[in-house]
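**Q** For reference, the chains in residue letters:
There are 2 protein chains.
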Amino acid sequence: MPQTPHVEQHFTAGESVRDVVIGMSDGLTVPFALAAGLSGAVSSTGIIVTAGLAEIAAGSIAMGLGGYLAARSDAEHYASERKREEMEVREKPEVEADEVTEVFQAYGLTAEESAPVVEALRKQPQAWVDFMMRFELGLEKPDPRRALTSALTIAGAYVAGGFIPLAPYFVLSTARAALSLSVLVTLVALTAFGYVKGRFTGAPPVRSALQTALIGGLAAAAAFGIARAIS
Amino acid sequence: MPQTPHVEQHFTAGESVRDVVIGMSDGLTVPFALAAGLSGAVSSTGIIVTAGLAEIAAGSIAMGLGGYLAARSDAEHYASERKREEMEVREKPEVEADEVTEVFQAYGLTAEESAPVVEALRKQPQAWVDFMMRFELGLEKPDPRRALTSALTIAGAYVAGGFIPLAPYFVLSTARAALSLSVLVTLVALTAFGYVKGRFTGAPPVRSALQTALIGGLAAAAAFGIARAIS
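Order-wise, the sequence lines are chains C and X.
Under this note's numbering, the first residue of the first sequence is numbered 1, with each subsequent residue one higher.
Under this note's numbering, the first residue of the second sequence is numbered 1, with each subsequent residue one higher.
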């Protein structure tokens with residue numbers, strides 16, 4: 001049976017997994033597709049390695065910093081909404097008490113049935129604010145250390161993912177040969193990543209594996225086609 | 001005062017805005033940084049346009065399809081948790097009733113104070129399941145049409161954002177000249193986008209403008225430095 005401490009723990013682990021998934025999904029896909037696209041337009045691997053590394057730097061910084069600021073702004077949003085609820089509980093307790101009644105009315109409860117809860121909350125303002133944050137506004141208290149962890153996890157996963165499709169271009173000298181090996185290595189990596197992702201997120205692992213490989217394959221095919229058409 | 005319908009509407013608008021922000025943040029940043037990086041390594045704009053368009057195709061497909069699958073998996077997660085709650089309410093009502101009491105205990109309410117709510121919910125199993133989904137598990141019912149809308153919004157915003165930093169490379173023939181114009185145009189676009197994003201998300205607009213320009217600038221500088229160092 002799920003209980004609050006258990007759910008909380010699950011939620012935190014879920015956020016790290018989500019960050020790895022966000023970073024690695026794009027890290028495996030975009031540098032792969034970019035390298036494949038350039039392989040359709042140039043024959044030397046030198047420029048592809050340069051473009052690939054520039055993309056990994058740009059993508060990991062953009063996603064990591066983006067994740068940092070998103071987590072920060074979630075925390076600020078929570079703090080400002082909490083301050084507003086605290087003021088409303090202090091200055092307009094009657095209005096807030098009616099809002100508690102309305103929350104329960106949405107679930108078919110009459111004002112009489114929810115009255116004991118309303119009365120009990122009025123006696124403890126801090127718990128009342130906690131209640132409003134979660135049940136009226138649907139907001140969870142964010143972890144203050146989350147912004148930095150989130151940024152580093154996303155960026156690290158992006159870099160780790162990005163080096164896999166690029167590795168063949170470091171080793172082989174012709175773009176076409178490197179492309180074939182990159183397609184092979186990356187489709188294996190995408191499939192394995194999709195499978196593990198499915199295990200963690202509760203999606204059917206085999207379907208998750210196929211979907212993840214499909215996204216990477218489609219993105220690479222589109223990039224290849226466009227680069228080929230204009231070069 | 002916030003009321004349930006108002007909050008719902010705000011939430012839906014918030015999701016479209018969030019999708020545009022996700023797509024455009026990366027669309028403005030990564031192609032900009034990649035083009036800047038390649039400008040540090042090659043002198044002709046032809047290869048930069050090819051790489052940039054390949055990146056826009058890859059990035060928009062990867063992010064759009066990623067958003068589609070994320071929304072789909074949210075909807076499936078909600079449906080499977082709901083099925084489990086429905087079974088539990090039907091087959092183990094005593095255990096579920098205790099869980100409602102525990103939810104309220106976390107807010108300092110005694111079992112006696114929450115008893116009328118527990119009794120009222122027992123009389124209406126559907127409302128009880130709704131209550132458990134939101135208050136025990138913290139899950140909102142996802143909009144079924146959201147996956148496709150989300151995918152198209154993210155991908156469209158990525159493409160729209162990506163053409164801004166790339167435009168100077170279409171027009172000018174030397175990479176250095178195009179880079180200067182691209183930096184200028186893109187920093188203006190990032191600043192304006194950050195400002196508007198701040199207005200929509202409730203963050204201070206000027207700070208949001210500066211942060212957004214900073215992410216793009218850092219990503220581009222890192223990509224430029226890396227491409228320069230290895231070429």
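Hint data in this document are derived by calculation from the structure and do not stem from the laboratory.
You may find that some hints are simply not true.
No distinction is drawn between identical chains; accordingly, a pair holds when it is met within one copy or between any pair of copies.
Claimed, not checked - No farther apart than 25 Å at their CA atoms in a straight line, the calculated lysine to aspartate or glutamate pairs in the DMTMM-like style are these: (1) Lys-92 <-> Asp-143; (2) Lys-92 <-> Glu-15; (3) Lys-123 <-> Asp-74; (4) Lys-123 <-> Glu-136; (5) Lys-141 <-> Glu-86; (6) Lys-92 <-> Glu-119; (7) Lys-123 <-> Glu-91; (8) Lys-123 <-> Glu-94.
Given the structure is predicted, the values throughout are model-derived calculations rather than measurements.
**Q** Next, verify each hint and record whether it holds.
**A** Verification of the supplied hints:
{"no.": "1", "hint": "Lys-92 <-> Asp-143", "result": "neither (29 Å within a copy, 34 Å between copies)"}
{"no.": "2", "hint": "Lys-92 <-> Glu-15", "result": "neither (36 Å within a copy, 30 Å between copies)"}
{"no.": "3", "hint": "Lys-123 <-> Asp-74", "result": "neither (29 Å within a copy, 37 Å between copies)"}
{"no.": "4", "hint": "Lys-123 <-> Glu-136", "result": "both (18 Å within a copy, 23 Å between copies)"}
{"no.": "5", "hint": "Lys-141 <-> Glu-86", "result": "within (15 Å within a copy, 28 Å between copies)"}
{"no.": "6", "hint": "Lys-92 <-> Glu-119", "result": "within (15 Å within a copy, 29 Å between copies)"}
{"no.": "7", "hint": "Lys-123 <-> Glu-91", "result": "within (15 Å within a copy, 35 Å between copies)"}
{"no.": "8", "hint": "Lys-123 <-> Glu-94", "result": "within (13 Å within a copy, 28 Å between copies)"}
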